[in-house]
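Participant: Make the complex out of the two chains shown on their own, each in a separate frame, by following the hints.
Each chain is listed here by its residues.
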Amino acid sequence: MSSVDRVSLVAGLAMMAVGALLVLDQTDAIELRPGIAGAALAAALGVILVASGLADNRR
Amino acid sequence: MATAAARPRFERDTENAIVAGLLAGLARRLDVDPLLVRIVFGVLVLVTGGAALVVYVIAWPFVPGDEEAGRPATKTERWLRRASSPRRLRLAAGVGLLTLATLLVFRELGIWWSDAVIWPMVMAASGAALLWAQSRAMQPGLEVEPEAHAVATTAAEAPSAPGLPAPRRAGAADLYRGGFGVALVVGAGLLFLSANDALGGAREAVLVAVAAIAALALILAPFLWRLGRNLAAERAERIRSQERAELAAHLHDSVLQTLTLMQKRADNPREVATLARRQERELRSWLFDGRSRRTASLATAIEDAAAEVEDAHGVPIEVVVVGDLELDERAAALVAATREALTNAAKFAGDAGAVAVYAEMQNGAAQVFVRDRGAGFDPERIPDDRRGVRESIVGRMERHGGKATVRSTPGSGTEIELTLEAEER
Chain E
1 MSSVDRVSLV AGLAMMAVGA LLVLDQTDAI ELRPGIAGAA LAAALGVILV ASGLADNRR
Chain S
1 MATAAARPRF ERDTENAIVA GLLAGLARRL DVDPLLVRIV FGVLVLVTGG AALVVYVIAW
61 PFVPGDEEAG RPATKTERWL RRASSPRRLR LAAGVGLLTL ATLLVFRELG IWWSDAVIWP
121 MVMAASGAAL LWAQSRAMQP GLEVEPEAHA VATTAAEAPS APGLPAPRRA GAADLYRGGF
181 GVALVVGAGL LFLSANDALG GAREAVLVAV AAIAALALIL APFLWRLGRN LAAERAERIR
241 SQERAELAAH LHDSVLQTLT LMQKRADNPR EVATLARRQE RELRSWLFDG RSRRTASLAT
301 AIEDAAAEVE DAHGVPIEVV VVGDLELDER AAALVAATRE ALTNAAKFAG DAGAVAVYAE
361 MQNGAAQVFV RDRGAGFDPE RIPDDRRGVR ESIVGRMERH GGKATVRSTP GSGTEIELTL
421 EAEER
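So the protein lines, in turn, are chains E and S.
Heads up: the first sequence at position 15 corresponds to 15 in the numbering used here, and the numbers run straight through without jumps.
Heads up: the second sequence at position 203 corresponds to 203 in the numbering used here, and the numbers run straight through without jumps.
Please note that a few of the clues may not be correct.
What the hints assert, rightly or not - Partial chain E-side listing against chain S, Cβ under 8 Å, derived: (1) A20; (2) Q26; (3) A29; (4) L32; (5) R33; (6) G38; (7) A39; (8) A42; (9) A43; (10) L45; (11) G46; (12) L49; (13) V50.
As the list claims (entries may be wrong) - Far from chain S by the CB rule (all over 10 Å, computed), these chain E residues: (14) L9; (15) L21; (16) V23; (17) L24; (18) D28.
Honestly, the hints are just simulated from the structure, not real lab data.
We put the beta carbon where it would ideally sit given N, CA and C, even for glycine.
One chain only, chain S, in its complex shape (with noise of 0.2 Å):
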């Protein structure tokens, strides 16, 4: 017996689309001419005296395109997503729009100043607010928010390593919204002397300080281009160079640490056999799955390496940890830096009985300390090619905004102190 075909879902059909492909989508859905449709709703626009056509407007953001279903979108629906899929513009927009609902109720209430000063100081604020806004997401060091960083990395901008901190895109979208925002106070101002009458009288100066202003920028603007071409090329090598020391440090946590286990238990062939096995399947997770996270808790995490260390060394290992933190990238790297210390204590100190580790984590911010009983050093005596407490330790903890302390002294055993402050929200 034949079946229906099922119906397509309603989605806006980028390929057949003139404006966003709204009218062409429900065509499909209806299974009839876009021509029809577009009449219909040109006769709709005119006879509800436009309301169906801010009715389109309005469906636009909501109704979602249909290059999931494969086809690509075309630039402007990608822009259009960029621009409105971050959950915070959104919100602000949102915000902006219920104020303007309340001031123009006002307004018909009569509680109200006057429309020329009004207006342009709720543009002035709406500019200022898009530019603080702006300013405080260039800050160094402010990472954004996830959602944002995966809405602009598009599929063939896949991760370049692994576990690797996101680095924040600043792109068309920054410069769009800053210039949204300058435009707005400009325009606030102007709105402001023309609504009091004193446009006439600031016009001359205001085109001298145009000219002025448009011959400044005819002079400078190469220098200026080019020092924001040195500037985002300084951004991006010192982000390879941050990717490069993870690199450095995951390999020598595992491959390195892994082939000098392999040295030590080179007698026992089978034992080499299951730590080459272990670290393959390792690295393969690291390399094509993204991560080896196999679990969202900090807690479990720390509990999980210091059992992979005893495992691996043979040495017990005491661990007490005391509340828990989601894992997110500083956490991973706090895990990572603890599993290099016990790897660490494991190796020199192993003798000397169990190693422990303390862990306390609440508001956001966590403490781990590891402890041997061993000989001790001299960390200010490290060799320079030694990488393990200086790279994946130290370093690790430093650029993931952390801190690492170490405490030895050559025969008290070794003490060496976690430390990742709350993230400020």
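So here's chain E without its partners, still in its complex pose (with noise of 0.2 Å):
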């Protein structure tokens, strides 16, 4: 069985995470707010990069 991708499954998600926050907005589930829509976006590219570098160390 191949491994699994950690940086592609974190990626994915939270780019899912992500999508949901937006797809709760556009049916008024929530208001996103610019900041709070800000944060999420900006959550969501650390996460990535921090598993990107982390898978990196255990090379």
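Facilitator: As structure tokens, then:
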């Protein structure tokens, strides 16, 4: 069985979370203010970068 | 039966790129005209209010370029790869973004002081952290992390000699990072003044300072440029000199020792031929395979070295090894110094009985003792033309941040202590 690419997994989950927030905002389930949207995007990108850096460390 | 050609992987098409080659790579993957993909992307950017553009930028560093498939990377590609590849840079950027996200959440929740204070503080702290890291990296003695070195080394810049410490390649990337740090700190100051309506009064003073700095820069630029060039030349000469010393030490330990053995055993042609073949293999391996490292363990390497010297000289060597370390550049130097100490002991004190090696390694530090019961010698009275103890043992250890101590008195044997302290991380 091929091993899991953790960076892709983390990136996928982060993007899914951001996408879910955008969908909830579009359906008026939540009100996504620009500050929160920016924070979510920054957090998603930050998590991906940290995962990528840590993954290189394990090689 | 004809088989369908395999579709190319999705990678950035740097040859047909306008910006990063993502869309051209996607078009190649889908086997459609790149123009079509670009039109669709343009529409997507308009429809999503720019979000597609953000996705493009985010995807850029994560989609590999096709230069690995044989196409040369563009200058921009090479710069981006150099700037974005080091692991620490990605970690730092990731942590920075997470901090930014936390700050934005606090701001939204109302747990906040003032935009006019917090954002300049964040900018100044980022700039200061960048400059601090930069100054630490430029400390003499600190070597660049292997990964970064590998990134900075292009195919054209093959290692000059195997087994040598990798020189730190301070270049344009360092300059960019330093410049970015300075810009952040200065920008933070200006932002703070502007946000607090203090820039108006300070404008004239700033103009005078800028004019003075520009004039000074024009006057000093040629001297500073020359100073920088001289420092770079001096550093290159120091590296070359270190390489020469390392090369001489290796040749002394291998080729010269073998030639001495061959002279001693000139009456046995088979043994001489064996020695010559072994030396030839070792030298070829060192010259063309980078280094003759067959193991990643310091303990194993010391035991191998002892076994080789025992075989070559026919002198019993008792080895006791406690603990282990990874065989990196410094540890390899320790092994080479141990081998030289063992060779000397076998050559000059082999008749007095077994040679003893005691090695202890723990917490990243290593200590090796080589003892013999020979006639001993006065370390102060070694002739200048003898390089074994001076260069291959003491010099080599010092070049790699270690220490060698020779304890010997005529008539009571010799003990050589080799010490390698734990490396600071």
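Participant: Now look at each hint and say whether the structure bears it out.
Facilitator: Hints, one by one, checked against the model:
Below 8 Å, beta-carbon pairs count as interface contacts, and E/A20 has none with chain S, the closest being about 15 Å; its hint is therefore violated. Below 8 Å, beta-carbon pairs count as interface contacts, and E/Q26 has none with chain S, the closest being about 12 Å; its hint is therefore violated. Because the beta carbon of E/A29 sits about 18 Å from the nearest beta carbon in chain S, more than 8 Å, this interface hint is broken. Proximity of E/L32 to chain S is violated relative to the hint, the smallest CB-CB distance being about 11 Å (cut-off 8 Å).
Of the supplied interface hints, the one on E/R33 holds, with its beta-carbon coming within about 6 Å of a beta-carbon of chain S, less than 8 Å. Satisfaction of the interface hint for E/G38 is found here, the shortest Cβ-Cβ separation to chain S being roughly 6 Å, below the 8 Å cut-off. This hint holds: E/A39 has a C-beta 4 Å from the nearest C-beta of chain S, less than the 8 Å allowed. Look at E/A42: its Cβ gets to within about 4 Å of chain S, closer than 8 Å, so that hint holds up.
The interface hint given for E/A43 holds, since its Cβ lies 4 Å from the closest Cβ of chain S, which is under the 8 Å cut-off. A hinted interface residue such as E/L45 counts as satisfied when its beta carbon comes closer than 8 Å to some beta carbon of chain S; here the least separation is about 5 Å, so the hint holds. Because the closest C-beta pair between E/G46 and chain S is about 3 Å apart, less than 8 Å, the hint holds. The criterion of a C-beta within 8 Å of any C-beta in chain S is met by E/L49, whose closest approach is roughly 3 Å, and the hint holds.
Interface restraint check for E/V50: the shortest CB-CB distance to chain S comes to about 3 Å, inside 8 Å, so the restraint holds. The claim that E/L9 lies off the interface holds: its Cβ sits roughly 13 Å from the closest Cβ of chain S, which is beyond the 10 Å cut-off. Non-interface call for E/L21 relative to chain S: holds, since the shortest CB-CB distance, roughly 12 Å, exceeds 10 Å. Listed as a non-interface residue, E/V23 keeps its Cβ farther than 10 Å from every Cβ of chain S; the least gap is roughly 13 Å.
At roughly 16 Å from the closest C-beta of chain S, the C-beta of E/L24 stays outside 10 Å, upholding its exclusion from the interface. The non-interface label for E/D28 is consistent with chain S: the shortest C-beta to C-beta separation is roughly 18 Å, beyond 10 Å.
The structure shown violates the earlier hints numbered 1, 2, 3 and 4.
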